[in-house]
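K.L.:
For reference, the chains in residue letters:
Number of protein chains: 2
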Amino acid sequence: MNTYIGIDLGGTNIRAAIVDERGHVHEVVKRDSKALEDAETIINNLVECIQELPNYEKALGIGLGVPGPVDVKEGCMLMATNIPALTKYPLKKVLEAKLSLPVFLDNDANVAGLAEALVGAGKGKDVVYYVTQSTGIGGALIVHGKIVSGRVGHAGEIGNLIIDLHRDHINHLNVGAIENEASGRALIRKGQSLIDPNIESAYEVFKLKDTHPQARQIIETMAFDMGTMFSYIAHIVDPDAFILGGGVTKSSDLYFETMINSYASKVHPPLANTPFIKAQLDEPGLIGAAMLPKSQGV
Amino acid sequence: MNTYIGIDLGGTNIRAAIVDERGHVHEVVKRDSKALEDAETIINNLVECIQELPNYEKALGIGLGVPGPVDVKEGCMLMATNIPALTKYPLKKVLEAKLSLPVFLDNDANVAGLAEALVGAGKGKDVVYYVTQSTGIGGALIVHGKIVSGRVGHAGEIGNLIIDLHRDHINHLNVGAIENEASGRALIRKGQSLIDPNIESAYEVFKLKDTHPQARQIIETMAFDMGTMFSYIAHIVDPDAFILGGGVTKSSDLYFETMINSYASKVHPPLANTPFIKAQLDEPGLIGAAMLPKSQGV
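Read top to bottom, the protein sequences are chains A and B. First residue of the first sequence? That's 612 in the working numbering, and the numbers climb one at a time after it. First residue of the second sequence? That's 612 in the working numbering, and the numbers climb one at a time after it.
I should point out that these hints are in silico values taken from the structure, not numbers from a laboratory. Honestly, I wouldn't trust all of these hints.
One copy or any two copies: either way a pair holds, since identical chains are not told apart in the list.
When the alpha-carbon atoms are kept at most 30 Å apart in a straight line, the in silico DSS-like pairs for lysine-lysine are as follows [what the hints assert, rightly or not]:
(1) K734 - K699
(2) K736 - K699
(3) K641 - K699
(4) K757 - K684
Taking the hints into account, I'd like the entire structure generated from these sequences.
P.N.:
This is how it looks when you write it as structure tokens:
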């Protein structure tokens, strides 16, 4: 069976895996990503990591998921806050020269969305919008089995979507940006402000939902806001399904119903039935990275 | 050169044309669409109209732009307010049987967007979002030369996007829906309410911009709201270009700058440079309809 190499390049670790064309993960190796070193050190480390994989040279191609927006044509990161030396570094060209295999890259939310669309919760669906609600909020648009990365790699940068112009100013994102209102970080901020300054996780806010009126209000508002955001995606793209991943969705029992009701109240009636499906893969980052070359015809 | 038949089926007229593969319109015929008659009468009228076109049988396929959302797989209209007998009528199958040519349909905004993407303002661009700002507001997403119609034909139904939750309730659309705040109809409504109850066109409001403070305010707010809407599309899709058509854009000199500034203030910096291009085609409906079979590989 054809195999591909998938790489999850993060600010802390790098993981590389052999993944077969069905999306099954075989060997995985992991090491420090040396994210704050110079480009040559990072690349040599990355190449060594790949060469540790048994029979790596038999793979048909290499895909990388990276933490930031990507110019997919040039094969470089446009911004690389966590791995500064890779900003606009010709990652694709250098790796192809060193490893003699075709190399593709895209950002981590996009590759996770690709994995879910091809072999996970969206398998068999033509147009999928993937949303990750975690520390931050991101997304990915997958059309006909390919990521739509966007002109400047920003398709899916939905954390900055304004869901209400009349909220508080928080940071560099828009006033009322969904990431400032509904991400894990936002739930912690609101919990600390309205419930207890010692709250350290979104899960603690969820645990208080049935006993603490402010916790209930925080979660209801988050669900309402997420519904607003999904109504935007529906009218703009009308995907075959929304796929929802990320740590916050582990508490889906406590807010999905309110979220979907909020969504349904804000869309044309035929859109109200768009399926909301939870992400299914354990390793969407590695699998999606490995699917990048395949999705590009390699 | 290969030719196709493009049909613009409206609530008043039907127009049919021979269009070549470069998007040049040759013969055009036009007749009453008999929109309120029964399905058989409408179809026979449509078939006769096509058969009037010289050498119609040499075309490779037929495309129809229709006024409402479409199930493109089944080839039928899902809602047909202006042509009630065609709601869920198997238009594609019936026409293919009668004319022995492959038939495709999609809604009128989508086919206009396809025309602009393939042979108009978006020529050569991979991902295009077309927006028509006319009596109402609609749009179309074109990816790799094909319309993304959506699960229930609602991709591009952007008139219902909420750009501010705190506006007045107007009609069945969302409170703060962009169509109720920035369409031609919205400009007339606001003009009648704030300037003069006898105002009958958006153009009259534009004409007063430099002399009437309320007219100025109406247009500035419309431009601000359109910028908000474009910021949604940018974060969700990041298209290679926005293409803007529709009657309101004839007054682009009076609001595009404010609109683009509003947009740029609400997006991540790399998105601020997304090109805004005015639609270029005289007959996007006929050309886009004719491009439908070609875009599907016929």
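K.L.:
Determine for every hint whether it applies to the structure shown.
P.N.:
How the hints compare with the structure:
no. : hint        : in the structure
1   : K734 - K699 : between (33 Å within a copy, 28 Å between copies)
2   : K736 - K699 : between (34 Å within a copy, 23 Å between copies)
3   : K641 - K699 : within (25 Å within a copy, 55 Å between copies)
4   : K757 - K684 : both (14 Å within a copy, 20 Å between copies)
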